[in-house]
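> Listed in order, the protein sequences are those of chains A and B. Letter by letter, the first sequence follows residues 1 to 212 in the numbering used here. Letter by letter, the second sequence follows residues 1 to 306 in the numbering used here.
Calculated from the structure, these hints are not laboratory results. This one's a predicted model, so the numbers in the text were calculated from it and none came from an experiment. Virtual Cβ for every residue (Gly too), placed ideally from N, Cα, C. Errors might be hidden in some of the hints.
[Stated by the list, open to error] Computed, partial: chain B to chain A, Cβ under 7 angstroms:
1. Leu281
2. Ala288
3. Ala292
4. Arg303
5. Leu305
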Amino acid sequence: MSASMDAVLVALILSDLVLLGSGRLSSCIRTVAFQGILVGLLPLAAGDAGPGIIALGAAVIILKGFVFPRLLYRAIRESATSREVQPLVGYAPSLLAGMAILAGAFWLDGRLEMPMQISSGILVPVALSMMFTGLFLVIARRTAINQVIGYLVLENGIYAFSLAAASQIPFLVEIGVLMDMFVAVFVMGIAIYRINLEFDHIDSEQLTRLRG
Amino acid sequence: MSLVTAAAMLSGIVLAPLLSGIINRTKALFAGRRGAPFLQPYHDLARLLRKHGVFSGTTTWIFRIAPVSVLACVLAAMVLAAPAGINRTWGFEGDLILFAYLLGLARFLTVSAALDTGSSFEGMGASREVLYSALAEPALLMGLAVLARVSGAMSLAGIYDGLGSTEWTSAGTAIPLVLVSFLIVLLAENSRIPFDDPNTHLELTMVHEVMVLDVSGPDFAAIGYGASLKLWLFGSLAVRLALTPSGLTGWAMLLAFIGGMMVLAVLVGIVESVTARLSLLRAPLLLAGAGALSVLAFVLASRFLG
Numbered sequence: 001m002s003a004s005m006d007a008v009l010v011a012l013i014l015s016d017l018v019l020l021g022s023g024r025l026s027s028c029i030r031t032v033a034f035q036g037i038l039v040g041l042l043p044l045a046a047g048d049a050g051p052g053i054i055a056l057g058a059a060v061i062i063l064k065g066f067v068f069p070r071l072l073y074r075a076i077r078e079s080a081t082s083r084e085v086q087p088l089v090g091y092a093p094s095l096l097a098g099m100a101i102l103a104g105a106f107w108l109d110g111r112l113e114m115p116m117q118i119s120s121g122i123l124v125p126v127a128l129s130m131m132f133t134g135l136f137l138v139i140a141r142r143t144a145i146n147q148v149i150g151y152l153v154l155e156n157g158i159y160a161f162s163l164a165a166a167s168q169i170p171f172l173v174e175i176g177v178l179m180d181m182f183v184a185v186f187v188m189g190i191a192i193y194r195i196n197l198e199f200d201h202i203d204s205e206q207l208t209r210l211r212g
Numbered sequence: 001m002s003l004v005t006a007a008a009m010l011s012g013i014v015l016a017p018l019l020s021g022i023i024n025r026t027k028a029l030f031a032g033r034r035g036a037p038f039l040q041p042y043h044d045l046a047r048l049l050r051k052h053g054v055f056s057g058t059t060t061w062i063f064r065i066a067p068v069s070v071l072a073c074v075l076a077a078m079v080l081a082a083p084a085g086i087n088r089t090w091g092f093e094g095d096l097i098l099f100a101y102l103l104g105l106a107r108f109l110t111v112s113a114a115l116d117t118g119s120s121f122e123g124m125g126a127s128r129e130v131l132y133s134a135l136a137e138p139a140l141l142m143g144l145a146v147l148a149r150v151s152g153a154m155s156l157a158g159i160y161d162g163l164g165s166t167e168w169t170s171a172g173t174a175i176p177l178v179l180v181s182f183l184i185v186l187l188a189e190n191s192r193i194p195f196d197d198p199n200t201h202l203e204l205t206m207v208h209e210v211m212v213l214d215v216s217g218p219d220f221a222a223i224g225y226g227a228s229l230k231l232w233l234f235g236s237l238a239v240r241l242a243l244t245p246s247g248l249t250g251w252a253m254l255l256a257f258i259g260g261m262m263v264l265a266v267l268v269g270i271v272e273s274v275t276a277r278l279s280l281l282r283a284p285l286l287l288a289g290a291g292a293l294s295v296l297a298f299v300l301a302s303r304f305l306g
């Protein structure tokens, strides 16, 4: 267990809390970009980094830290929508929910029997809490962009979990997942633009009434 | 009681108003002014002590005893907390709870006195003060709980004695998180920006100042001096925690501590100069964030210490 790895993991939790508490879309995007960079640093901080791992980390940092935020910023600009996240659950209750998620993740981790050696004692609970936080963000925020952000947090959690699950991640698999995400964020950006063009808003609550 | 213990208490009692002097000077420098002299808070206290008190006809005995009782509570907390980290046998099991709730009692008395005046403005200030402190209290207590957990001691002196550079790294990043949480609580509890603006004189926006609008003369001196002691106390929590890796005790620790308090005052002045006050709706969120940091620190500490 290395101290740098723990520091990165705690920073990941803190970025989750910032996401739960912040009200501006642009600051949410900046935070999720920062989180992407942290997640990219994770395998490097774990120590035993081969050339494949370094290349993967670099790809993650470039995509999640720079390309996705660019795409999301463009989606905000083109849809000319509100700059607020329009929460369904308020910020302070969201923070409380984040705490509950964190406690739940640590509790769950205590009950899980991990078959393999894990590089850090808090890697699995942090990854679990990131997944649940991502889900919570998807549910509790109204604008479509924030749902993309929630999805990114969820994926960051899954990526961190996969680091724990397989110390030698098959390089091709991870690159494939990254490419899928790239396409997904790209398509979601276009979808947001289309929704906005059609309805003058990107409020996903109102899409429930869209029946043929 | 050894000499250094007495010196630790006296230094807090004597130097506390200096902190506000340093903060105001820092803010003045940032604003491009020369600013009031460092000793201005002492002159203000002396001026107030020479005056007579004026009491509104609608107030009762509550209003009259509150200022002195507030000062007594804060002084008692000072006696408990000041020698911790300097004299390692000071205090008793669980004195950190007493410390936190002596300050809570002081706040309760201030709020009661504000309500006793029957002024609508003071009632508003009291309600805000209670809202902030209700959110700051879990952050403070949870932070103290983390420190008690990591150091394995239940008294303030034991906590600062039990923490060293190994505890800073062994408990993950729990202790730095608690430090940040304490700093946020310090800003909130002492009504500094971004929670409250100590310089504002608009009744609608004040929090702490509006509660003491009707207090005058020596009573106002007691309130003002109590407030600076409180700033010193909350500052000492954070500064002592930051100094624990140095492993100093006795006179060396006392000197380092006083230097640290001056640095802290400059830091608070810088924070006040570069940040805007948060809106009343956003400020509780920052406090909830401080609470979240403390809870996170507690979870991490329990995990790493097994």
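> Against each hint, give a clear statement of whether it holds in the structure.
How the hints compare with the structure:
Hint status for B:Leu281: violated, given a least beta-carbon distance of 9 angstroms to chain A, over 7 angstroms. A least Cβ separation of about 5 angstroms between B:Ala288 and chain A falls short of the 7 angstroms threshold, and the interface hint therefore holds. At a threshold of 7 angstroms, the smallest CB-CB gap from B:Ala292 to chain A is about 5 angstroms, leaving the interface hint in force. Interface restraint check for B:Arg303: the shortest CB-CB distance to chain A comes to about 6 angstroms, inside 7 angstroms, so the restraint holds.
Checking B:Leu305 against chain A: minimum C-beta separation of about 11 angstroms lies over 7 angstroms; hint violated.
The earlier numbered hints that this structure contradicts are 1 and 5.
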